[in-house]
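Position chain F against the provided structure of chain P, taking the given hints into account.
Chains P and F, in that order, give the protein sequences. Number 36 in numbering that gives the first Met the number 0 belongs to position 37 of the first sequence; there are no gaps in the numbering. Number 189 in numbering that gives the first Met the number 0 belongs to position 190 of the second sequence; there are no gaps in the numbering.
Derived by calculation from the structure, the hints in this document are not laboratory data. Be aware that a few hints might be false.
As a list, the in silico BS3-like pairs of lysine-lysine whose alpha-carbon atoms are at most 25 Å apart [stated by the list, open to error]:
1. P:Lys15 to P:Lys43
2. F:Lys128 to P:Lys51
3. F:Lys408 to F:Lys251
4. F:Lys128 to P:Lys15
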Amino acid sequence: MSTFEAVQSILVDEFKLSPERLRPEATLTDLGIDSLDLVDLIFKIEDRFGLKITDDVPRSLATLGDVAAYIDVLLENQSTGGGIQAGTDRSS
Amino acid sequence: MTARVAVTGLGVVAPLGNSTDELFASLQAGKSGVRVLPAPCSGPTGSSIGATVETPACPRIPETRLRMLDRVSYLALVAAIQAVEDSGIDFNQENRERCGVSVGTGMGGAATTDEGYHILYAERSDRIKPFTVIAAMTNAAAAWIGLEYALTGPNLTYSTACSSSAVSVGEAAEKIRAGRADVMIAGGAEAPLTPGVLRAWSAMRTLASADKVDPSASCRPFSMTRSGLVLGEGAAFLVLESWEHAIQRGVKIHAALSGYGLTTDVAHITRPTVIGQASAMRAALQAAGYSPTDINYINAHGTATLQNDAVETSAIKEVFGPRAYQIPVSSTKSMHGHLLGAAGALELVICVGCLERGWIPPTMHLDQPDPACDLDYVAGAARGDIPLRIALSNSFAFGGTNAVLIVEKV
Chain P
0 MSTFEAVQSI
10 LVDEFKLSPE
20 RLRPEATLTD
30 LGIDSLDLVD
40 LIFKIEDRFG
50 LKITDDVPRS
60 LATLGDVAAY
70 IDVLLENQST
80 GGGIQAGTDR
90 SS
Chain F
0 MTARVAVTGL
10 GVVAPLGNST
20 DELFASLQAG
30 KSGVRVLPAP
40 CSGPTGSSIG
50 ATVETPACPR
60 IPETRLRMLD
70 RVSYLALVAA
80 IQAVEDSGID
90 FNQENRERCG
100 VSVGTGMGGA
110 ATTDEGYHIL
120 YAERSDRIKP
130 FTVIAAMTNA
140 AAAWIGLEYA
150 LTGPNLTYST
160 ACSSSAVSVG
170 EAAEKIRAGR
180 ADVMIAGGAE
190 APLTPGVLRA
200 WSAMRTLASA
210 DKVDPSASCR
220 PFSMTRSGLV
230 LGEGAAFLVL
240 ESWEHAIQRG
250 VKIHAALSGY
260 GLTTDVAHIT
270 RPTVIGQASA
280 MRAALQAAGY
290 SPTDINYINA
300 HGTATLQNDA
310 VETSAIKEVF
320 GPRAYQIPVS
330 STKSMHGHLL
340 GAAGALELVI
350 CVGCLERGWI
360 PPTMHLDQPD
370 PACDLDYVAG
380 AARGDIPLRI
390 ALSNSFAFGG
400 TNAVLIVEKV
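Here chain P stands alone, though its shape is the one from the complex (with noise of 0.2 Å):
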């Protein structure tokens, strides 16, 4: 599964969106999720993706394949020892 499919079934999930309209080119605000919604979305991403996002996620994500792009990237720097702390445990 990809990155942009693993947040979609997030969405669809746990979020009850319907799964059309959750294109990369979707803007988070078109689909209803505000700051505190992405709150949860960044804690399911954790928990899906076995990350642990320290840093403030920027504001400039703006779309969900800009979502999916920043946990690329996270995964990519927790694969090469950077910044991010990484665990699979939520109690880490």
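What follows is chain F alone, placed relative to chain P:
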């Protein structure tokens, strides 16, 4: 309270049914909504009992919103939507600044609070859900109802423990009487059946022990064998309107809300007093312009705690004198349990429905009356064929807030 306020809509999500029709069928049959709770409320350390709601579906509430709602807000929204639909009101035709919401709840989003503590202390994680504050805040239910209908008038939440929704309904009526609003969606909601809340109540030694033979018969108001209250969940709402407004809309008026009495016990944080309860009943009678002889039915607070039932019996005698013995008094908590912040509104809805239907619900599980409780408690079976024009509903609370509401048949 001189001007009558019209009750034009009723909605309930209760242990005895998720509509007024279901509720009244259960009350008439003397059914109980009390049962042994599943895990995690019951566990290896013992079983808990409670009066539960079969969670109703509500297509009007979008699925995307459910993540933000504690159970208390969901139950409140469903009951409020029912009441609004029953009233037939179309808020598009109303000045929304003249329409408001008034909710009573004791514990607010208790399940969300409990879950947050679990994540923090049991899972040792710092990842409390981002919706925790808005789901747990005591005024969430009122806020969601206001948002649902875009009502820009007063949006208020009252939290006076077990009298919360008697107060929310009474105060909403006062807003209308004072000319500050035309329409108020008023009621209460409670969802206390979480391990944390149950254990806290249990620690106070106020909860009934489960009847070993029949757990559904564990709540026994006015009985010699009563052992405490049974917590229940649910919500009940009424649409209240100024009399003129209801007449102008040409809708069915279920009843007139004619009296509201509010006094406070100051003897002790939890112990009720005869004088406090009696003064609230007197204040309601006076506000409505009734004499004690006008009352045909009393829906008692009747929690089935040792203290309350004896004190309430004495208070009724104090107010009504020898006639107290001729007034049917019942505690429907024997069937639907104690809905705490939703109790007053539910019991008022029951009073309104009884006036419309012409019968009185029973006090169940009262086989062995306590000699200290010697009124006519309508034991064991509903009663019809009696003159029924005016009903009084008692709600008393930890913290001392005594609230009494009176409704009259139209």
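Verification of the hints:
With a C-alpha separation of about 14 Å, the suggested pair Lys15 (chain P) and Lys43 (chain P) falls inside the 25 Å cut-off, and the hint holds. With a C-alpha separation of about 15 Å, the suggested pair Lys128 (chain F) and Lys51 (chain P) falls inside the 25 Å cut-off, and the hint holds. A distance of roughly 12 Å separates the Cα atoms of Lys408 (chain F) and Lys251 (chain F); the hinted pair therefore holds under the 25 Å criterion. With a CA separation close to 17 Å, the supplied pair Lys128 (chain F) and Lys15 (chain P) stays within the 25 Å bound.
Violation of the numbered hints given earlier is absent; every hint is satisfied by the structure.
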